[in-house]
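Participant: Sequence:
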Amino acid sequence: MFLKNHSIVPTYEHRRYNSSTSGQFQAKLAIKNVPGPDWNRTIRDAENLVGYESSFRSLREFLGNENAVIGLKLQERISCMHPLFNVSKNIPYLDDKLLAWGLLVLLVSKATAHGSDVQIADHKRGNAGVLQSQRTLAQVTETVRTSQLVHQAIQNLQSCGNAGNDLSGDSDMVYGNKIALLGGDCLLARAFQQVSTLRNQELILLMSSALRDLTESNFIGDRDDQNNPLPGKPLSGVNVYTEDVDSLDELNFGDLDDNIAPLQVQGNLGSAEREWSLRNLLAGGSLLGKGCQGTIMLAGHQEHLQRRGYLFGRHLALAWQASLDLQPFLGTRLLEGAKFSLVSAPILFHLEREETLYEEIEKGIQSVDNINYAKVHRIVAQGPGVEKTKVLQRKHSALATRILHELPLTDARVALENILLAMQEL
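Once you know that position 236 of the sequence shown is 436 in this note's numbering, the rest is easy, because the numbers rise by one and skip nothing.
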């Protein structure tokens, strides 16, 4: 075995499966004969295992205080209308219902342990089986993710009179945009200043490429005037959907060969599973995958295991996104005024089956507000897209679990397995 310093902990009796073939993995994940782990308890146990609270206390306090100030100012000036006011609802370490990338990086750190050639000084500063440098990288991963959420709150003022040029620098929308722009930049500066303290050129290059992917995710495909993404027009006769777990090995956008180079975008829009995978790999899967790869790099392990770490984070991020995409379509009715992503998996899968729905989507070329969301929700909820998304989530969960089973049985590995299982119960 290529891993060192593992303590085998045969605990957590509610584990439900062992290493097996891909077909057996899919069957075990698809059929839930017993209740799965409770989500909140699973996350709480995982946090306690790696000391997550202490690792992120300074970041929580920093963002908590900053959000409090921003929220107060926006309430006073914009009557809560600027999108930045809702950003804190989407920050994982300020909302226990969301999955924090930093926690996953810490769990991967503990599950893979560290090699014997790790610097002695770093080893002494480690606790709970995680090196201090790995805790720094986990915090960087979460900070970069948060900066993306903050930047996405910036509003395009082209729809305003004279393209917004008549607005004063102290106007509500301009003021909110300034906070979103400078706030996101502040977080990015903080993150990469922390990366630089690790003095690892390969890691800096890796995390910089993750930032490039996040940026590119905001520019692929058609978008409305506020940069809300619209699905690619379905390609006639193209249907690569399959329930075979191993089919995901074919979803290679160049990152399976070289994940530092930009992902290949051309030819993937309009094909439901490939478009969805590409969009969400750029928008977060790359960041989590490279965070997991980077923490294994800091532990002194060989490139083979680093690459497995990238693949694990890649599949886990996509499994999580598929779970999120399902939520709006699990009910029969959409709350009045509610919206959902038009590039979510259920919609893309439905468009692959019924291209006529694209006529409604095209109404959002100028603004997605022109789309009848209730109509789209009703059609998609009754179509095949929901079930295909459930299968998609199980496929990525299965491959993430397969990679975990290459590691010795430890409490950290079991915690990651439980997160994958609990994800199916959301």
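Quick caveat, the hints were computed from the structure, so don't treat them as lab data. It is possible that some hints are incorrect.
[Claimed, not checked] Derived DSS-like pairs (lysine-lysine); straight-line CA-CA distance at most 27 Å:
| id | residue 1 | residue 2 |
| --- | --- | --- |
| 1 | Lys575 | Lys590 |
| 2 | Lys563 | Lys378 |
| 3 | Lys575 | Lys378 |
| 4 | Lys563 | Lys539 |
| 5 | Lys539 | Lys378 |
| 6 | Lys378 | Lys590 |
| 7 | Lys575 | Lys539 |
| 8 | Lys433 | Lys539 |
| 9 | Lys378 | Lys433 |
| 10 | Lys563 | Lys575 |
Participant: Hint compliance check: list the failing hint numbers for this structure, sorted ascending.
Facilitator: Numbers 2, 3, 6, 9 - these are the hints that the structure violates, sorted from lowest upward.
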